[in-house]
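Residue numbers (the working numbering), protein chains in the order written: chain A, 340 to 478; chain B, -6 to 380.
If you are wondering where the hints come from, they were derived from the structure by calculation, not from laboratory data. Each residue gets a CB set at the ideal place from its N, CA and C atoms; glycine is no exception. Treat the hints with caution; some may be incorrect.
As the list claims (entries may be wrong) - Short, incomplete list of chain A residues facing chain B, as computed with Cβ under 8 Å:
no., residue
1, Cys374
2, Cys377
3, Glu379
4, Phe381
5, Pro383
6, Thr411
7, Glu412
8, Leu413
9, Leu428
10, Arg437
11, Ile438
To be verified - Chain B residues, not near chain A, derived (Cβ > 10 Å throughout):
no., residue
12, Arg187
13, Pro192
14, Asp270
15, Gly293
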Amino acid sequence: MTSKPNFLMPTNVESPSVSPFWEGLKTGRFLAPRCRDCGEIFFPPRSHCPECLGDVFTWEALSGKGYLYSWTELFFAQPEFDLPFLLGLVDLAEGIGRIAARISGATPEELSIGMPLEIRISNSGDGLALYYVEPFRIL
Amino acid sequence: MAIIGIGAVEVGRYPERRESDLALQVIRDALRDAQLSSKQVEGLFTTPDLQGNIGLQTNLLCEYLRISPKSMAEICCGAIAGGLTLKYAADEIQAGRIKTALCYGAVREASIGWFKNLSQGKGWAMIEPTALQPYAAYGIIWAYALSARRYMHETGATEEDFALAAVRNRKNAAGNPLAAFKKPIAVEDVLRSRYLSSPIKLLDAAASLDGAAAVVVASEDVARDLSPHPVYIQGWGLCHDNSCVIPTDDCSKSISHFTATREAARRAFQAAGVKPDDVDVAEIYAPFSSHELIIPEDIGWFENGEMVKAIRNGETDIGGKIPINTDGGLTSRGHPWAATPLYETISLVRQLRGAAGAIQVKDAKVGLMHCEGGMMNNGLVMIFGRG
Chain A
340 MTSKPNFLMP TNVESPSVSP FWEGLKTGRF LAPRCRDCGE IFFPPRSHCP
390 ECLGDVFTWE ALSGKGYLYS WTELFFAQPE FDLPFLLGLV DLAEGIGRIA
440 ARISGATPEE LSIGMPLEIR ISNSGDGLAL YYVEPFRIL
Chain B
-6 MAIIGIGAVE VGRYPERRES DLALQVIRDA LRDAQLSSKQ VEGLFTTPDL
44 QGNIGLQTNL LCEYLRISPK SMAEICCGAI AGGLTLKYAA DEIQAGRIKT
94 ALCYGAVREA SIGWFKNLSQ GKGWAMIEPT ALQPYAAYGI IWAYALSARR
144 YMHETGATEE DFALAAVRNR KNAAGNPLAA FKKPIAVEDV LRSRYLSSPI
194 KLLDAAASLD GAAAVVVASE DVARDLSPHP VYIQGWGLCH DNSCVIPTDD
244 CSKSISHFTA TREAARRAFQ AAGVKPDDVD VAEIYAPFSS HELIIPEDIG
294 WFENGEMVKA IRNGETDIGG KIPINTDGGL TSRGHPWAAT PLYETISLVR
344 QLRGAAGAIQ VKDAKVGLMH CEGGMMNNGL VMIFGRG
């Protein structure tokens, strides 16, 4: 990752109802909530299940894989960002939702819609773990 | 219901003028155009007063105008706000609660810069930042850019095709006295302008500017008594697609075509009893030139991907199959976002009165106004008919 933190966070990162998601990132896991009332697994994590509005969850680890649905190279952002940078909209491999994440380890020319990606976790330096994506490469 | 009066200032920058001054000017012009006395105003519907925070703009207008409405509201919901003022005015008139209404909208973005404080607003504070995590830059250009790229992937559209729409808009804006950008541009100018968020470049984008606009709506009997050229609201449709900005909660939700636009258009056509091909002139809400291709396909004038050929063949030019954004659209008229739907409406009223001058669509009888909020998540389509 680059020298600047490259994020601008809204005010409620510490929202207690989704803290297992953020805690999961710190330990290298990408978690999604499953509603204990109706069984729905959903993403993005929120305080209440979007299907039945239940608020008790078990947290399940996802594969951390996804597919590039679309992408853009940003040349315009707040001073907190290093420019330009690549932003991808990524379908989670489980098919339950998408993330908008910074793409690292690829140039625009190397990107193609549908390509497999891997979610990586980085530490922002102030105790907050964040995710980004990289092209999935079989070793 | 019918629109009987319109008033607006040229889209631009008004740092030296108070909003109350702009408001009273455009409201006076709209009332005079309607030949309606301010004392006859029974409803008042406005876009939000985002600097004030307590929503007393509408109350203040009542004092400054010396009016006592029976029905009033300050309406938000993102950039669809100006369109919703018309919808709620029409609803109240249709329900028989009022006979006349004043719709007013303004944005002082260029002068005051509301977007700079976006991250402190309530909407932003309510977003759990788990999916649109940390990389959300200013505004939502990146979201539209993701949408544009996906549309290119699915249809074979190129950045040059998007540029053609920007050029069409600029050409039309030259004939609109309210437009901010009138200097002609060529496809090469658009392609050479700097990237904001690829594939979107500076000249593909709508500039957020100041504007103020007012529209007078009346019941059919009042309209017939007062107006030599009423423009009837024949029907409208609204749909929200249960996403906020880019859809992240479901991999099956498209970002190259939009359910909200499609459903809103379908409901509007059904309510008005007309078909897409009956529309003579349209104003659509495309903040970026890419969406000048996407929206007409969603409204139903073209199949998915057909706009690529249509924009190359000039089918959306004045004189073409369906003239779109004859007043310059968001990219060249300029984009005072909450008021933009009222500017679109004013352009259509001029067209349907036969008073659009250089940009007149010959014998225009049916007009369509489309506006949206979020990233095409909330759609409102209204059909207007010549009196």
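Cross-check of the supplied hints:
1. Cys374: 14 Å, violated
2. Cys377: Since chain B brings no Cβ nearer than about 15 Å to Cys377/A, farther than 8 Å, the hint is violated.
3. Glu379: 11 Å, violated
4. Phe381: 7 Å, holds
5. Pro383: 3 Å, holds
6. Thr411: 4 Å, holds
7. Glu412: Since chain B brings a Cβ to about 4 Å from Glu412/A, closer than 8 Å, the hint holds.
8. Leu413: Hint on Leu413/A: holds, closest Cβ of chain B at ~5 Å, below 8 Å.
9. Leu428: 5 Å, holds
10. Arg437: Interface hint status for Arg437/A: holds (4 Å vs cutoff 8 Å).
11. Ile438: 5 Å, holds
12. Arg187: Violated: least Cβ distance 7 Å, not greater than 10 Å.
13. Pro192: Violated, because the least Cβ-Cβ distance between Pro192/B and chain A comes to about 8 Å, which does not exceed 10 Å.
14. Asp270: It holds; Asp270/B is separated from chain A by about 32 Å at its closest Cβ, greater than 10 Å.
15. Gly293: 24 Å, holds
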